[in-house]
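Q: Each chain, written out:
Protein chains: 2
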Amino acid sequence: MDEQFRNRLSEHAEAVTRFLDKAISPDEIRQGEISRPAQLIAAMRYATLNGGKRLRPFVTIESAALFGVSEAAAMPTAAALECIHCYSLVHDDLPAMDDDDLRRGKPTVHRKWDEATAILAGDSLLTFAFDLVTAPCDGVDETVRCKLASHLARAAGPGGMAGGQMLDLQAEDGDPGMKEVLTLQSMKTGALIRFAAEAGAILGKASPGEQEILSRYGRLAGQAFQLADDILDVTATTEQMGKKTGKDGEAGKGTLVSLLGLDEARRRLDGLVEEAVAILEPFGDRSNVLKATARFFAGRDS
Amino acid sequence: MDEQFRNRLSEHAEAVTRFLDKAISPDEIRQGEISRPAQLIAAMRYATLNGGKRLRPFVTIESAALFGVSEAAAMPTAAALECIHCYSLVHDDLPAMDDDDLRRGKPTVHRKWDEATAILAGDSLLTFAFDLVTAPCDGVDETVRCKLASHLARAAGPGGMAGGQMLDLQAEDGDPGMKEVLTLQSMKTGALIRFAAEAGAILGKASPGEQEILSRYGRLAGQAFQLADDILDVTATTEQMGKKTGKDGEAGKGTLVSLLGLDEARRRLDGLVEEAVAILEPFGDRSNVLKATARFFAGRDS
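Going down the list, the protein sequences come from chains A and B. All residue numbers for the first sequence refer to the numbering used here, where the first residue is 591 and numbers rise by one. All residue numbers for the second sequence refer to the numbering used here, where the first residue is 591 and numbers rise by one.
Treat the hints as calculated values from the structure; they're not laboratory data. Any given hint could be a false lead.
Identical copies go unnamed one by one, so any copy, or any two together, can satisfy a pair.
Straight-line C-alpha distance at most 25 Å; calculated DMTMM-like pairs for lysine to aspartate or glutamate [as the list claims (entries may be wrong)]:
| no. | residue 1 | residue 2 |
| --- | --- | --- |
| 1 | Lys696 | Glu864 |
| 2 | Lys881 | Glu593 |
| 3 | Lys612 | Glu601 |
| 4 | Lys881 | Asp689 |
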């Protein structure tokens, strides 16, 4: 299963990259008739075509497949999720936020160009995500596209990812407890991963019961993803991660690892994966890839 | 007409403000179960509930009325336009962009709080606009909401407003000609005003021919709006405008006034208004308010 899973992961990742490569181009972004904003589009491409693993798109494509939706029909939503994820990284890296110079071993957007370009490239990727989700797409009617855009806005906005980032910045000054950390994480990283799973059910016009299962699966997978990240921040080296580790401790940020200890955090992670797998039982073997995804999230080694 | 028009303008503005006051509140933005991002919501409110004239929402509400759409049905789209406009001001005011300390005589968001809060408040308003447009609304079906979101994304994104801001920042270093200035302005300020007019036709499920008329009207009104602004930048005092004037000249920015001279710019402005009024003739007296709007845009004294 493991090699098969990794092959599948990289195949989808390549398809997402091909789609973004084509979508984020001067020919596609054509409203400006004369001088297109070349530097802006270059920065958007730099921020997205960067060898990312496309984990969120993977969850959307695979949860859509569970309901018989093709990769092609799921792709605009999957790519939109990646645009939102990448915009959040570009803005989070800014000096006023996390102040990072490197992302995946390369200069961050504001280092490569300047802060204004990074702000506008982030704004543009965020806006472009809604362009992708709402644009005409074979097999995805307006009702579905409208619902996708609505859920995406909730997941990414002040009640979701953007709000979580705000709470995260403020948490550096405080001493947050268990409840605060869980809320913050469910907003900052959880909301988008949860939407990634829900999106497949929306695309597949699944029943409310099935949508609820995917939503709960997405929530658990997101928690596992974040907890694994917090554990790696303590246990892995900067070299293994390709980004700075030990940052949470340095910043005095509360994580579940600092609150529970490493052993208890690992036990909790196992429990989350078990629960995510169990919740998919109604779908039987058809959900094997999503089950493997939850295990993969928990065991990420890079 | 003039007083009647101004009353109508302020009535709609008050309705938009009431709507935003209710929509951007901790109770409505409720995903975070425990600690809501209070400072983020405060900054979003500060950036939007600021006594703005709500000109873009006015165009949407009035163009929707042309097709028999109620103010209530047009309001989420109108308010979304204002959120996009306000987000762009918050980000444009940042030190890395135009570096402004004051907006309507009050400290800009990054001055009132900090840069991180301003970046996230802008991101949140941008995302929230798509939440507003796509959320269920009496009398506006999913097909219409999907189309509104799609057109809004095009107007605000890299091929529209955000791309225009990028070109504007880069123009400070160059010596742009007539075509470059017109393209830049059609993206930076024109795209959103054009959408404001189109949105009414989309909400009213107008015929393609009628949508085209509103689109052309919106383009002309947007050009008039921008040209009047450029003229005022040269002729008005800082006190009259409530913001710094003469900035374009200081920044070495090309505008139609610097390229054509003040007299020719004024003649051109008159021509744009005449054309905008003429294009609405098929609608007869029903379009009187939109005609007055074009004249108002050209003669803004504040």
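Q: Each hint should be assessed against the structure and marked as holding or not.
A: How the hints compare with the structure:
1. Lys696 / Glu864: Neither way: Lys696 and Glu864 sit 36 Å apart in one copy and 54 Å across, limit 25 Å.
2. Lys881 / Glu593: Close inside one copy (15 Å), not across copies (66 Å); limit 25 Å.
3. Lys612 / Glu601: Answer is within: at 17 Å inside a copy they meet the 25 Å cutoff, but 46 Å across does not.
4. Lys881 / Asp689: Cα proximity of Lys881 and Asp689: none, with 36 Å in one copy and 49 Å across.
The structure fails hints 1, 4 (numbered hints given earlier, in ascending order).
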